[in-house]
Amino acid sequence: MERLPSWLRQHLAALRAVVVLTVLLGVIYPLVTTGVAQALFNGKANGSIVQAGGKDVGSAIIGQKFTDKDGNPVKKYFQSRPSAAGDGYDPTSTSASNLGPDDIVDGPNGGQSLLTQVCARSKAIGELAGVSGARPYCTPDGVGAVLKVFPDHAVSVNQACPATPFVATYEGLKVECGKPGEDYAAGRTVPVRGEAGTPAVPADAVTASGSGLDPHISPAYAELQAPRVARERGIALDKVKQLIEANTTGRTFGFMGEPAVNVLELNLSLDKA
Amino acid sequence: MSTTAAGMIFIVSLIVALGLVHKPLGDYMYRVYTTTRHNVVERGVYRLLGVRADAEQSWGVYARSLLAFSVISILVVYGMQRLQDKLPLSLGMKPVTDHIAWNTAISFVTNTNWQAYSGESTMGYLVQMSALAVQNFVSAAVGMAVAIALVRGFARRKADTIGNFWVDLVRGSLRILLPIAFVGALVLVAGGLIQNLSGLHEVTTLTGGTQGITGGPVASQEAIKELGTNGGGFYNANSAHPFENTTNWTNWLEVFLLLVIPFALPRTFGKLVGQVKQGYAILAVMGVIALTSVLLTNVFELGGNATVPQAVGAAMEGKEVRFGVSDSATFAASTTLTSTGAVNSFHDSFTPFGGMMTMFNMMLGEVAPGGVGSGLYGMLILAVITVFVAGLMVGRTPEYLGKKIGAREIKLASLYFLVTPVLVLIGTAFAMGSAEQRASMLNSGPHGLSEVLYAFTSASNNNGSAFAGITVNTPWYDVALGLCMVFGRFLPIVLALALAGSLARQAPVPAGAGTLPTHRPQFVGMVVGVTIILVALTFLPALALGPIAEGLS
Chain A
-5 MERLPSWLRQ
5 HLAALRAVVV
15 LTVLLGVIYP
25 LVTTGVAQAL
35 FNGKANGSIV
45 QAGGKDVGSA
55 IIGQKFTDKD
65 GNPVKKYFQS
75 RPSAAGDGYD
85 PTSTSASNLG
95 PDDIVDGPNG
105 GQSLLTQVCA
115 RSKAIGELAG
125 VSGARPYCTP
135 DGVGAVLKVF
145 PDHAVSVNQA
155 CPATPFVATY
165 EGLKVECGKP
175 GEDYAAGRTV
185 PVRGEAGTPA
195 VPADAVTASG
205 SGLDPHISPA
215 YAELQAPRVA
225 RERGIALDKV
235 KQLIEANTTG
245 RTFGFMGEPA
255 VNVLELNLSL
265 DKA
Chain B
841 MSTTAAGMIF
851 IVSLIVALGL
861 VHKPLGDYMY
871 RVYTTTRHNV
881 VERGVYRLLG
891 VRADAEQSWG
901 VYARSLLAFS
911 VISILVVYGM
921 QRLQDKLPLS
931 LGMKPVTDHI
941 AWNTAISFVT
951 NTNWQAYSGE
961 STMGYLVQMS
971 ALAVQNFVSA
981 AVGMAVAIAL
991 VRGFARRKAD
1001 TIGNFWVDLV
1011 RGSLRILLPI
1021 AFVGALVLVA
1031 GGLIQNLSGL
1041 HEVTTLTGGT
1051 QGITGGPVAS
1061 QEAIKELGTN
1071 GGGFYNANSA
1081 HPFENTTNWT
1091 NWLEVFLLLV
1101 IPFALPRTFG
1111 KLVGQVKQGY
1121 AILAVMGVIA
1131 LTSVLLTNVF
1141 ELGGNATVPQ
1151 AVGAAMEGKE
1161 VRFGVSDSAT
1171 FAASTTLTST
1181 GAVNSFHDSF
1191 TPFGGMMTMF
1201 NMMLGEVAPG
1211 GVGSGLYGML
1221 ILAVITVFVA
1231 GLMVGRTPEY
1241 LGKKIGAREI
1251 KLASLYFLVT
1261 PVLVLIGTAF
1271 AMGSAEQRAS
1281 MLNSGPHGLS
1291 EVLYAFTSAS
1301 NNNGSAFAGI
1311 TVNTPWYDVA
1321 LGLCMVFGRF
1331 LPIVLALALA
1341 GSLARQAPVP
1351 AGAGTLPTHR
1361 PQFVGMVVGV
1371 TIILVALTFL
1381 PALALGPIAE
1391 GLS
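First to last, the sequence lines map onto chains A and B. In case it helps, my numbering puts the first sequence at residues -5 to 267. In case it helps, my numbering puts the second sequence at residues 841 to 1393.
If you are wondering where the hints come from, they were derived from the structure by calculation, not from laboratory data. A couple of the hints might just be wrong.
[Unchecked claim] Covered by chain B, per the in silico footprint, the following chain A stretches (three or more residues, Cβ under 8 Å): (1) 1 to 14; (2) 89 to 95; (3) 125 to 139.
These figures come from a predicted structure and were not determined experimentally. C-beta atoms are modelled at their ideal positions from N, C-alpha and C, and glycine is treated no differently.
Using the sequences and the accompanying hints, generate a full structural model.
What follows is the structure, encoded as structure tokens:
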């Protein structure tokens, strides 16, 4: 070693350092951690798998979709939040939507903006629950209420013709429906808040989570779905509310995070009830 | 309790916890880097390395050892990715594409952990735990080594050496990071994180669909990913994934872990220079900037000021129910203030000003409190620039900790500061100048510019978080961002070590009547001012075209 030129010695020492530290930190550390974790917290270390009728049906901490083959909600089950992970709740393709807070104009070829997605979800969930799906900045037909304003006219860009624009005029200008394929980029973008008050459909119900695997919904969204689930199952609403309560985790120590209802566990306990 | 009140208590509880461990951990790290005794394992390691542990190195040799170690690390991580199909535990994953493997190797070795790939569909378990997670440890230990070497420069008198890189590397890894990561990993498993080596487990869901439940040694990687301010997620969804961050209290613990070493190092610094008050002054600068930033991010996110959050009623897009808006904002600010870059919510969907705060945090140069080690040396450089600016005002040769800041020192400090803005702004300009690179933006208009600006800011400052809508696994972005990561990491390191060498050679000058006291609130205020003003002057035009234009429209 000592006879080698110093630059070569440095690199040999570096190579040995990478190998030695890889064995210590990259093999022994994770394997010992795995061994201890498996011994002490077996269920959790293996993914908190839950069973129904003797078969594994999922993980208690990974959300699922409760829809039929066509993607329609199965009404006797509480529904999860929207998900951007693959086709929805795919753990092999976790993702958020990553759409920005001012993504409000639909693409010319029908790609939905985040605002339109929110409005459409709100409308559908409202109909399913028998309440109003109205929200600020949403049209009654469930798209983003956004105008592109030109000197002589305005266009409700997210309402494709032949739809009737959500307002007839804007500051004296006639409002037209959006012609598919037309480029309205030159117009001034004006989102219109409208008259809607506090929405009946909660925030988490109309937004996709960060992981796309959110196992929870808010207590408010569970509350909204409770009457439907009780009706579909022919059980008392109070019973359903009890089960919601039983599957709600509060804030740890009273201040960490937000109260959350575990959807899979709630649905499993309904099936057992 | 209201969301805002709970969120504020969450922040206060973190401050209290960090305050409680500040002294014990800072003192412990001081002992680790100053003791002359090597334990049994370390003696064995030095023998295997063929290095003499008691031989001190000049700054040049120290820097060359560090660079040699990093180059070899990049080659090994690159090689393991390219050969992963021939290695055990590959789960049948294909070799990683060359440009992604190159980018990823650099990304983990530079403590950036920018991810141009999606963990669950690209990396087998062996690459995750024996290539990537190893770099989580050693890149953090390299950062600490440089910080300690720079502090030795201030502390030593008429010395030619600044320590031994191999000793600093091994001690940082084995005595500081490993024990905390091990305990942290087990606590996280108790919270629900997984830790196994099983492959995909297919289940039939309640409604008859199929779902593949993933496995993996996640907790062991999660703990060091936060502790070493690395941030590279086992899965694409990073710390938003329930297997990486299961409950509202694991979320608290992860924020704590990513802040704990950067906020304890000023104590180590104070002990090393023999004046703990100097450490408190540096801590105060970091604390003031960090707290302001965390609170502002909370204000912007809870305010939800943009069209979609207004329509929704809360800025919940890209956030998990169990964490809520406030704790997600706190995580986002913490991860960008340190050079972590882990995310528990997706910054691309944040409100314009909330998203801007995450970018601004990185533009500060990752100094408040910054990455493990890199935060301290970055902050000390800013302190040097501050005494220089103050010295100019009164026409005196500036001094810091008894060392004269002469022409050579201030040149090194200024060059240090210039590296990242040059990389960020030139990189962004190149990307925006080409239609092909602009096509990678998911969002259009000012938000699209923000995505590109964020990417170059994140890579150059070795943060690694993203406005994740942007498509960056193209050869152009992989190479460009890879270069930003390499230069953004190693140019400042070499300059900091050169500064350490030049300071160590000096004999300290005794403090006189005209010496600026550097442990008083006045100095703290000046460093905060210099930091903010330098960043604002450099980046305001770019921010004005991106998030500010979006937020005010």
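Going through the hints against the structure:
Residue count for the segment 1 to 14 of chain A with a Cβ under 8 Å from a Cβ of chain B: 12. That meets the three needed, and the coverage hint holds. Evaluation of the coverage hint for the segment 89 to 95 of chain A: fulfilled, as 7 residues show C-beta separations to chain B shorter than 8 Å, against a requirement of three. Under a criterion of three residues with beta carbons nearer than 8 Å to beta carbons of chain B, the stated coverage of the segment 125 to 139 of chain A is upheld, 5 such residues being counted.
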